[in-house]
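J.: Sequence:
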Amino acid sequence: MAASFRTRTLSETRGFMKALIDAKSDQILGFTVFGVEAGEIMGAVQIAMIAKLPYTALRDAVLTHPTLMEGLIVLLSTVPPKKEDQTGTSNLH
Numbered sequence: 090m091a092a093s094f095r096t097r098t099l100s101e102t103r104g105f106m107k108a109l110i111d112a113k114s115d116q117i118l119g120f121t122v123f124g125v126e127a128g129e130i131m132g133a134v135q136i137a138m139i140a141k142l143p144y145t146a147l148r149d150a151v152l153t154h155p156t157l158m159e160g161l162i163v164l165l166s167t168v169p170p171k172k173e174d175q176t177g178t179s180n181l182h
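Per our numbering, the sequence shown starts with residue 90, numbered consecutively.
Derived by calculation from the structure, the hints in this document are not laboratory data. Where hints are given, some of them may not hold.
[What the hints assert, rightly or not] Derived pair list, reagent style DSS-like, types lysine-lysine, alpha-carbon separation capped at 27 angstroms:
#, residue 1, residue 2
1, K172, K107
2, K113, K172
3, K107, K141
4, K141, K171
5, K141, K113
6, K172, K141
7, K171, K113
8, K171, K107
Please construct the entire structure, taking both the sequences and the accompanying hints into account.
T.: Written as structure tokens, this is what we have:
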């Protein structure tokens with residue numbers, strides 16, 4: 090959570106976020122957040138999951154600064170890109 094500028098302004102940097110991403114579809118299969126105002130972050134991720142959006146929709150979004158949501162960009166930027174094998178299908182990341 091310390092990667093989110095908003096947690097620093099609130100002096101509440103304890104916590105974490107974790108996402109489970111499907112390697113083939115890039116959809117968010119699961120998400121956990123523990124920290125200050127975690128529900129703010131969870132709501133946006135839940136909408137993305139219901140809409141079956143790829144994680145890149147949140148990663149590439151322009152989010153208001155400083156908010157807790159910015160931490161999603163940092164988290165989702167760590168997902169390795171898909172790698173194409175010789176048959177043209179994606180390997181797990």
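J.: Now look at each hint and say whether the structure bears it out.
T.: For each hint, the structure was consulted:
A hinted pair counts as satisfied when its Cα atoms are at most 27 angstroms apart, and K172 with K107 qualifies at roughly 22 angstroms. Between K113 and K172, the direct Cα distance comes to roughly 10 angstroms. Compliance with the 27 angstroms bound is thereby established for this hinted pair. Taken as a hint, the K107 and K141 pair is honoured in the structure, with Cα atoms around 18 angstroms apart against an allowance of 27 angstroms. As the CA atoms of K141 and K171 are separated by approximately 18 angstroms, the hinted pair is consistent with the 27 angstroms bound.
A hinted pair counts as satisfied when its Cα atoms are at most 27 angstroms apart, and K141 with K113 qualifies at roughly 13 angstroms. For the proposed pair K172 and K141, the alpha carbon gap of about 21 angstroms is at most 27 angstroms, so the pair holds. Proximity of K171 to K113 is assessed by CA-CA distance (about 8 angstroms); at most 27 angstroms being required, the pair is judged to hold. The suggested pairing of K171 with K107 holds, with an alpha-carbon distance near 19 angstroms, which does not exceed 27 angstroms.
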